[in-house]
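Colleague: Sequence:
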Amino acid sequence: MSAVSPNSCVETPKAPEWLSKLESRREQLKRSKLGHEAGAGAPCAECKDKCPGLDLHFWRKVCRNCKCPKIQHVCPDDDDATGWAQFEILGQIRAKPACK
0 MSAVSPNSCV ETPKAPEWLS KLESRREQLK RSKLGHEAGA GAPCAECKDK
50 CPGLDLHFWR KVCRNCKCPK IQHVCPDDDD ATGWAQFEIL GQIRAKPACK
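Taking numbering that gives the first Met the number 0, the leading residue of the sequence shown gets 0, the next gets one more, and so forth.
It should be emphasised that the hints constitute simulated quantities derived from the structure, not laboratory data. Errors might be hidden in some of the hints.
Each computed DSS-like pair below joins lysine-lysine, with the alpha-carbon atoms no more than 25 Å apart [unchecked claim]:
(1) 69 with 49
(2) 49 with 29
(3) 13 with 49
(4) 29 with 47
(5) 29 with 66
(6) 47 with 60
(7) 60 with 49
(8) 49 with 66
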(Lines of atoms letter the chains of each structure in order from A and count residues from 1; the text may use other names and numbers.)
(Lines give C-alpha, C1' and ligand atoms only; values in the text may rest on other atoms or scores of the structure.)
Protein backbone atom coordinates (compact mmCIF):
# COMPACT_ATOMS: atom_id res chain seq x y z
CA MET A 1 0.00 0.00 0.00
CA SER A 2 1.29 3.46 -0.81
CA ALA A 3 0.57 6.91 0.48
CA VAL A 4 0.75 10.22 -1.37
CA SER A 5 1.87 13.28 0.55
CA PRO A 6 -0.45 16.28 0.05
CA ASN A 7 2.56 18.50 -0.80
CA SER A 8 4.20 16.04 -3.16
CA CYS A 9 3.30 14.05 -6.21
CA VAL A 10 5.72 11.28 -5.21
CA GLU A 11 4.20 8.09 -3.87
CA THR A 12 5.92 6.70 -0.78
CA PRO A 13 5.34 3.11 0.28
CA LYS A 14 3.78 2.52 3.69
CA ALA A 15 6.19 0.96 6.19
CA PRO A 16 5.62 -2.75 6.77
CA GLU A 17 4.06 -3.71 10.10
CA TRP A 18 7.20 -5.56 11.27
CA LEU A 19 9.26 -2.40 10.74
CA SER A 20 6.79 -0.31 12.71
CA LYS A 21 6.96 -2.84 15.57
CA LEU A 22 10.76 -2.83 15.46
CA GLU A 23 10.92 0.98 15.61
CA SER A 24 8.40 1.02 18.46
CA ARG A 25 10.49 -1.53 20.37
CA ARG A 26 13.65 0.51 19.75
CA GLU A 27 11.98 3.60 21.23
CA GLN A 28 10.93 1.57 24.26
CA LEU A 29 14.48 0.28 24.74
CA LYS A 30 15.84 3.85 24.64
CA ARG A 31 13.70 4.61 27.70
CA SER A 32 14.73 1.43 29.55
CA LYS A 33 17.04 1.50 32.55
CA LEU A 34 19.45 -0.91 34.14
CA GLY A 35 18.02 -2.80 37.11
CA HIS A 36 19.97 -0.78 39.65
CA GLU A 37 18.92 2.53 38.03
CA ALA A 38 15.18 1.90 38.47
CA GLY A 39 13.81 4.07 41.27
CA ALA A 40 16.98 6.16 41.55
CA GLY A 41 16.53 9.13 43.88
CA ALA A 42 13.34 7.75 45.50
CA PRO A 43 12.91 8.89 49.12
CA CYS A 44 13.37 6.34 51.93
CA ALA A 45 10.23 5.60 53.95
CA GLU A 46 12.35 4.39 56.88
CA CYS A 47 15.11 7.03 57.12
CA LYS A 48 13.01 9.98 55.88
CA ASP A 49 15.27 13.07 55.53
CA LYS A 50 18.51 11.27 56.48
CA CYS A 51 18.64 9.54 53.08
CA PRO A 52 19.11 11.86 50.07
CA GLY A 53 17.43 9.28 47.81
CA LEU A 54 17.79 5.73 46.55
CA ASP A 55 21.20 4.94 45.09
CA LEU A 56 21.00 1.19 44.63
CA HIS A 57 24.26 -0.73 45.00
CA PHE A 58 24.97 -2.74 41.85
CA TRP A 59 24.96 -6.26 43.30
CA ARG A 60 24.02 -5.92 46.97
CA LYS A 61 20.61 -4.39 46.12
CA VAL A 62 20.65 -2.00 49.10
CA CYS A 63 20.80 1.79 49.05
CA ARG A 64 24.38 3.06 49.15
CA ASN A 65 23.22 6.10 51.14
CA CYS A 66 21.20 4.54 53.98
CA LYS A 67 21.77 0.76 53.53
CA CYS A 68 18.00 0.12 53.40
CA PRO A 69 16.62 -2.27 50.71
CA LYS A 70 14.83 -0.89 47.65
CA ILE A 71 11.41 -1.96 48.98
CA GLN A 72 11.75 0.54 51.85
CA HIS A 73 12.03 3.39 49.32
CA VAL A 74 9.02 4.99 47.67
CA CYS A 75 9.76 3.97 44.07
CA PRO A 76 7.42 4.70 41.14
CA ASP A 77 5.92 1.64 39.44
CA ASP A 78 7.48 2.13 36.01
CA ASP A 79 8.98 -1.35 35.78
CA ASP A 80 6.07 -2.66 33.69
CA ALA A 81 6.94 -0.63 30.61
CA THR A 82 10.72 -0.46 30.71
CA GLY A 83 12.18 -2.32 33.66
CA TRP A 84 13.15 -5.54 31.95
CA ALA A 85 12.95 -4.43 28.31
CA GLN A 86 16.73 -4.62 27.88
CA PHE A 87 16.57 -8.41 28.35
CA GLU A 88 14.02 -8.92 25.59
CA ILE A 89 14.83 -9.31 21.91
CA LEU A 90 12.23 -8.49 19.28
CA GLY A 91 10.92 -11.63 17.66
CA GLN A 92 12.84 -13.93 19.99
CA ILE A 93 11.38 -17.40 20.35
CA ARG A 94 11.86 -18.45 23.94
CA ALA A 95 13.51 -21.83 24.09
CA LYS A 96 12.38 -24.45 26.56
CA PRO A 97 14.79 -24.97 29.47
CA ALA A 98 17.53 -27.51 28.75
CA CYS A 99 17.14 -29.18 32.16
CA LYS A 100 13.96 -30.66 33.55
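Colleague: Against each hint, give a clear statement of whether it holds in the structure.
Modeller: Quick rundown of the hints versus the structure:
Of the supplied pair hints, the one linking residue 69 and residue 49 holds, its CA atoms being roughly 15 Å apart against a limit of 25 Å. Our distance criterion of 25 Å between C-alpha atoms is broken by residue 49 and residue 29, whose separation comes to about 33 Å. A hinted pair counts as satisfied when its Cα atoms are at most 25 Å apart, and residue 13 with residue 49 does not qualify at roughly 56 Å. As the CA atoms of residue 29 and residue 47 are separated by approximately 32 Å, the hinted pair breaks the 25 Å bound.
For a cut-off of 25 Å, the pair hint linking residue 29 to residue 66 is broken: about 30 Å separates their Cα positions. With a C-alpha separation of about 19 Å, the suggested pairing of residue 47 with residue 60 holds against the 25 Å cut-off. Annotation: proposed proximity of residue 60 to residue 49 holds, straight-line Cα distance about 19 Å (limit 25 Å). About 11 Å separates the Cα atoms of residue 49 and residue 66, which keeps this hinted pair within 25 Å; it holds.
Checked against the numbered hints given earlier, the structure breaks hints 2, 3, 4, 5 and satisfies all the rest.
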